[in-house]
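Trainee: Read off the chains here:
Number of protein chains: 2
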Amino acid sequence: MKKCFGIDLGGTTVKLGLFEETGAVLEKWEIPTRTEENGKYILEDIGNALLGKMAELGLSKEEIVGAGIGIPGPVMPDGHVAFCVNLGWKNVNPGKVLSEMLGGIPVYGGNDANVAALGEQWQGGGKGHASVAAVTLGTGLGCGIIMNGKIVSGNKGMAGELGHVTVNREETEACNCGNKGCLELYSCATGIVRLAKRHLAASEEASVLRNLETITAKDVVDAAKAGDSLADGVLEESMDWLAQGLMFVSYVVDPEVFVVGGGVSRAGDFLLDKLRRHYDRFMVMAAEKPEIKLATLGNDAGIYGAARLALDL
Amino acid sequence: MKKCFGIDLGGTTVKLGLFEETGAVLEKWEIPTRTEENGKYILEDIGNALLGKMAELGLSKEEIVGAGIGIPGPVMPDGHVAFCVNLGWKNVNPGKVLSEMLGGIPVYGGNDANVAALGEQWQGGGKGHASVAAVTLGTGLGCGIIMNGKIVSGNKGMAGELGHVTVNREETEACNCGNKGCLELYSCATGIVRLAKRHLAASEEASVLRNLETITAKDVVDAAKAGDSLADGVLEESMDWLAQGLMFVSYVVDPEVFVVGGGVSRAGDFLLDKLRRHYDRFMVMAAEKPEIKLATLGNDAGIYGAARLALDL
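If you're matching them up, the sequences are chains G and V in order.
Numbering-wise (our numbering), the first sequence opens with residue 1280 and increments by one.
Numbering-wise (our numbering), the second sequence opens with residue 1280 and increments by one.
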């Protein structure tokens, strides 16, 4: 059976995986990301890591059907990366460079959020579904759209920028993007903390959150789970806005399933049940609604999706 | 050169067209839609019309590469129509029935709004672009999404239901769908009339609209073009909400171009310039934004798109 490599290139670590075509992971390891001198050593390090692994396991290049790499920035359809702030790159085609190092094994590049979504669609929470919208609730809000098993990048790579849809025109605080009322202001770790501070300031209601010097999204989730009513109200509001965002996705591409991952999703069904309830409220028109499921691959979604990029299933 | 038929099945009229594979229309005609007895004669009438045209022009079935038909209701990927209220149909596969009548010529079915969007992408305002979002501002607001030259129907046919995305949570009036604050409440002929009445009631501002017994969307456009400030404000608000809807489409699938059609779009660039200005305001993040263009095929978009369905370009 043929094999492929999945590469998830992050700002501090490169995650690497060797996969069977079926999606079974054979090896998984990491190397540091050397960002010095505008990241000029990164691809060399990755190429050597892959060649080393092939030598170690006695794999010929004929046995490797290809490799995929997730990049933390915009990637053009031909794999060209005009710039990547986190890595210091300008005008690199990482797939082309790696392919040359690997003796012609094809290497495909994609944006890391989209690639992670592809991983969840292939082997994670969206397994068995051809069209999946994967939402990542981390420090910010990310989203990747997979249709018929392929990443939807959009014409200028803006597809899945769900964090910046305007949901609340009444909002007075500005988002990093310059707009006001973006979904990311409410529905991610930072957004939950922001909402918590706002709810605390807006009332005198007792809450364990008042005793904390700094508040994290996990504090809010833990308090809500323990019955803290103010914390619960914060999560309700956060999921209400997110549900509106999922509605937009449904009424534009109507995916089979939503998969929710990222640090905040560790709150599990306690949080997702709120999201499902608000989503159902918005989707009055829909006879059958897509399921909202938890992501299952965690930090490995990127290497899975990158490996999937290399396969023409 | 091979030819194909495009059929646009409406509640009162069936529009038919014979096309070259290149998109050139050779013949265009109409027959009435006989909805009596739950529409049982409709497909027979269409089949006979096509067979008649082939006989008239001396075309053999080998010269016809296929036909497409746009249906005013939901169509499953296999062409099955579970119900179609306007026609009285239940559990019909119109493509299959027509194909049998036509001696095996393949016939493909699709939802009429999506098929019209495909027509605009193929030979209309979106010509030359592989991914197009076509918005129709008629009595209601319709939308069809075309990606890589193919219709995006979505899992349950809800893709492109842009009229029912919630844009305004502060709205107190309900939409037909049961929700409040749907885009369709503001951005279509009915929505413009509704906004006009609201603006008239909310101020004492002089306006020619005050002299009218009944107000149409065209009245509002004409008044605004003639310098009526209240009417202009109505169109500004209408296009402001629509711009927010286009933003959702951009941040979900990022099309190359938007094409705006339907009766309201006859207002032309006077209206579209307002839309473009509001859209640009929302899309602060985007370095390059998709163009917003006028549809060009008018009522023929359906037969063009249906003909395109029949071609595997």
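It cannot be assumed that every hint is accurate.
Within a straight-line C-alpha distance of at most 25 Å, the following computed PhoX-like cross-link-like pairs (lysine-lysine) qualify [unchecked claim]: (1) V:Lys1435 <-> G:Lys1568; (2) G:Lys1568 <-> V:Lys1459; (3) G:Lys1459 <-> V:Lys1568.
Read the hints as simulated data drawn from the structure, not as lab findings.
Trainee: Give a verdict on every hint.
Mentor: Outcome of the hint check:
Restraint check for lysine 1435 of chain V and lysine 1568 of chain G: the C-alpha separation of about 8 Å stays at or below 25 Å, so the hint holds. Among the hinted pairs, lysine 1568 of chain G with lysine 1459 of chain V is consistent with the structure: their alpha-carbon atoms are about 19 Å apart, no more than 25 Å. Between the alpha carbons of lysine 1459 of chain G and lysine 1568 of chain V the distance comes to roughly 19 Å, so the proposed pair stays at or under 25 Å and holds.
The structure meets every hint from the earlier list without exception.
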